[in-house]
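Peer 1: Chains as they are written, first to last, in the numbering used here: chain W, 192 to 550; chain G, 21 to 412.
Accuracy of the hints is not assured; some may be wrong.
[Said to hold, decoys possible] Here are the computed lysine to any residue pairs in the SDA-like style, where the Cα-Cα straight-line distance is at most 25 Å:
| # | chain 1 | residue 1 | chain 2 | residue 2 |
| --- | --- | --- | --- | --- |
| 1 | W | LYS428 | G | ARG134 |
| 2 | G | LYS37 | W | LYS414 |
| 3 | G | LYS331 | G | MET21 |
| 4 | G | LYS37 | G | SER94 |
| 5 | G | LYS170 | G | PHE128 |
| 6 | G | LYS301 | W | GLU529 |
| 7 | G | LYS52 | W | ASP544 |
| 8 | G | LYS72 | G | ASP221 |
| 9 | W | LYS486 | G | ARG412 |
| 10 | G | LYS86 | G | ARG134 |
| 11 | G | LYS72 | W | ASP540 |
| 12 | W | LYS486 | G | ARG398 |
| 13 | G | LYS145 | G | GLU91 |
| 14 | W | LYS486 | G | THR23 |
| 15 | G | LYS136 | G | MET21 |
| 16 | W | LYS424 | G | GLN22 |
| 17 | W | LYS486 | G | GLY64 |
| 18 | G | LYS331 | W | SER193 |
| 19 | W | LYS414 | G | THR23 |
| 20 | W | LYS486 | G | ILE363 |
| 21 | W | LYS486 | G | LEU340 |
| 22 | G | LYS331 | W | ASP550 |
| 23 | W | LYS428 | G | ARG412 |
| 24 | G | LYS167 | G | ILE182 |
| 25 | G | LYS226 | G | GLN22 |
| 26 | W | LYS424 | G | LEU239 |
| 27 | G | LYS37 | W | GLU529 |
| 28 | W | LYS486 | G | LYS52 |
| 29 | G | LYS167 | G | LEU225 |
| 30 | W | LYS428 | G | LYS37 |
| 31 | G | LYS301 | W | LYS428 |
| 32 | W | LYS428 | G | LEU340 |
| 33 | W | LYS424 | G | ILE400 |
| 34 | G | LYS331 | W | ASN379 |
| 35 | G | LYS37 | W | LYS424 |
| 36 | G | LYS301 | W | GLU536 |
FYI, nobody ran anything at the bench for these hints, they're computed from the structure. Since the structure is predicted, the reported quantities are computational estimates derived from the model, not experimental observations.
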Amino acid sequence: MSEISTMLGDTVNRLLGDLVTSEMLAAAEEGVWPAALWKAVEDAGLTLPLVSEKHGGAGCSWLDARVVLHGAGQHGAPIPLAETILAGWLLDCAGIEPPQGPMSVAYAAADAPLHLFRDADGWRLDGVCPRVPWGEAAGHIVVVEEAEGAVRVVMVAKGDYQIEPDFNMAREPRDTLRFINAPVTACNVAAALPADAVALYGALIRSVQIGGALERTLQESVKYANDRIQFGKPIGKFQAVQQSLAQLADEVAACGAAGTAACAAIDKSRRSNNSADVWLRIASAKARAGEGAGKGASIAHQTHGAFGFTYEHVLHFATRRLWSWRAEFGTGDVWAQELGRRVVEIGADNLWDTLTATD
Amino acid sequence: MQTFSFDPVELPPAAAKLRLEVRQFLAEHNSKRSPLDRAQSWSGNDPEFSRKMGEAGFIGMVWPKKYGGHERTSFERYVMLEEMLVAGAPVASHWIADRQSGPLLLRFGTEEQRQKYLPHVAAGKMYFCIGMSEPDSGSDLASVRSKAVKVDGGYRINGRKIWTSGAHTAHVMLGLFRTGSNPDGRQEGLTQFLIDLRTSDGTDLKAKNNILVRPIRSLLGEAHFNEVVFDDTFVPDSAVVGKADNGWSQVMSELAFERSGPERYLSSIQLILQMIRELSKNPTPQGYAAVGRLIAHLSTLRQMSVSVAAKLNAGLDPALEGSIVKDLGAVFEQETPTIAQQIFNVEPRIGKGASDLEQVMGFLVQNSVSYSMRGGTREILRGIIARGLGLR
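Build out the structure end to end from the sequences listed, making use of the hints.
Peer 2: Okay, structure coming up:
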């Protein structure tokens, strides 16, 4: 890990570890916006790690920013930290200076695409984006759309779209946003981004967050197994429990490694101007994380017994996020299916070359 | 709780160059093998192929040149290995000597031992087997009972080793025997010996040395491993590896090399390739999803394995990470034939008229049950991981 990674990791874990309490998480589920948490995270410079310094960011690599995304997942921070990091990066890719404050990213359903067009007053956006994370909390929404033959990053300010609030299983806001010929605050071409950038990189931030939340379930499970006495000894002394927690550790390790590999692939692609590998690594990360989320949550709950099934225990703040996040920005199976299709298209004889091409 | 990390690694440019050399070599020397033969993976034997690998400089790659090595980086060796395994090349003959015994001799062996064995190994002409397990000592390796008793000028060995892969073809056994006076000494009082089974030119020494090798057929009917019986076998003092009575810690360091290489997740790669070939003819959505999931696992395991290789290269001790790779890798290798069976309505079988897919499945359905036993059982590995988590 680089020095910046270590520093970011220390900052994010100390800050979120102190501030994100069970009380805060429970209050957030009732709709209380944790303004102090957002302010602390923004003041610590954690919201725009991927934005270049000339645009007011930290100019970090994805590998560095991964640490913040992981921490956001590990602590279940009830703010759009990961979404803001991604939105800032997308804006920066298009040469747009990101605003302060929480942001989010949005994309439309495949069968009802958005319409980005120009009229006398400038660019306008029309269409519906379902299940936008933290749509109401965000001051700005970032969308990536193709128009006039180029992929463009678009920013729309709050007030220029309608909001229908909804939630995921973890009671995180997932709102429907209606853009009705909405005026666009900023719009610029981003040559390096694919048209489905929000879905693709959204899948990555969720994969890394899943890695973080899984690590939390492991920490809680080990703690519980060492504390809980049955039959005269900590249940963690029983081989049956040890063997299943080892499998939870396997999942934590694999999901973490898959997300890390995808972040590394983005950094590499930006140095080499070759992004062929990025899609494959992100698809692998979401497929792997989607699977690990389910396996891991199940082992963690089994370890915690009935206590982990109560609202009072913290475990569900991680596991309900795992169950939600594995479905967001495409389920692991959807990504796996498209990955399989592409691999079959590449052909068996070229498989290994493809997997090793960007060493 | 001990933390584990799998940092991403960028392979040096020399590794990419070597990859092309290995592919060229494979195109020349491995193009005729059938998919079923390739599925044997690193249990496929072909001394002629090993000699060619030796000539090409693909054995002992990281060893000093004065012992016949090539002073390459361990990343180059990793790339060579994964290319060989993906191609299903028959690397079994020299496998153990190259992976374990050679590095062990470089670490603990005498100059005389290194000179005697390593150049032949690097040439692809001398093969090792490992004598660890016994009929009553499997996962509980510290319970080995076969004895080496000190006599004038050497030791007399009595006892039995089992599951010894390649003992019938190997030139040397690196065996672990009890030398301590305390028979209940467990981890203390164990010593590693070099026991010659053949001369460097292949002449069999077993009968002369009172060593009997009995083949053990696997459920596939093949005999890759053996029982080896020692009846008052004499070995000279010069056959002791490292320090007498220090065998346990030496063996443990040897096993660390064994747990996280590309062979721990590529044993079923031939079936994945067959699945891709089949799907290109008859695509199905569930076939795509199944293969995509396997590829996600494969690429993740490779990243993890390379990351552990980098740690080993840096002199660190990634015992926990290595165990995680091996545990996940074996699960992956074993579930591959089950998944293939779920998406293809074919009967796995080896024999006349069977398709490549059926044959490769037929082999792996049967053989893959052993993948979570060799080199440390699943239960032992998970115990190591649990210890790392602070549960033991």
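Peer 1: State for each hint whether it applies.
Peer 2: We went through each hint and held it up to the structure:
no. : hint                   : verdict
1   : LYS428(W) to ARG134(G) : violated (44 Å)
2   : LYS37(G) to LYS414(W)  : violated (48 Å)
3   : LYS331(G) to MET21(G)  : holds (20 Å)
4   : LYS37(G) to SER94(G)   : holds (14 Å)
5   : LYS170(G) to PHE128(G) : holds (20 Å)
6   : LYS301(G) to GLU529(W) : holds (17 Å)
7   : LYS52(G) to ASP544(W)  : holds (20 Å)
8   : LYS72(G) to ASP221(G)  : holds (17 Å)
9   : LYS486(W) to ARG412(G) : holds (23 Å)
10  : LYS86(G) to ARG134(G)  : holds (10 Å)
11  : LYS72(G) to ASP540(W)  : holds (24 Å)
12  : LYS486(W) to ARG398(G) : holds (18 Å)
13  : LYS145(G) to GLU91(G)  : holds (19 Å)
14  : LYS486(W) to THR23(G)  : holds (20 Å)
15  : LYS136(G) to MET21(G)  : violated (45 Å)
16  : LYS424(W) to GLN22(G)  : holds (22 Å)
17  : LYS486(W) to GLY64(G)  : violated (35 Å)
18  : LYS331(G) to SER193(W) : holds (16 Å)
19  : LYS414(W) to THR23(G)  : holds (14 Å)
20  : LYS486(W) to ILE363(G) : holds (22 Å)
21  : LYS486(W) to LEU340(G) : holds (20 Å)
22  : LYS331(G) to ASP550(W) : holds (17 Å)
23  : LYS428(W) to ARG412(G) : holds (6 Å)
24  : LYS167(G) to ILE182(G) : holds (15 Å)
25  : LYS226(G) to GLN22(G)  : violated (47 Å)
26  : LYS424(W) to LEU239(G) : violated (41 Å)
27  : LYS37(G) to GLU529(W)  : violated (31 Å)
28  : LYS486(W) to LYS52(G)  : violated (42 Å)
29  : LYS167(G) to LEU225(G) : holds (20 Å)
30  : LYS428(W) to LYS37(G)  : violated (49 Å)
31  : LYS301(G) to LYS428(W) : violated (51 Å)
32  : LYS428(W) to LEU340(G) : holds (18 Å)
33  : LYS424(W) to ILE400(G) : holds (22 Å)
34  : LYS331(G) to ASN379(W) : violated (43 Å)
35  : LYS37(G) to LYS424(W)  : violated (56 Å)
36  : LYS301(G) to GLU536(W) : holds (11 Å)
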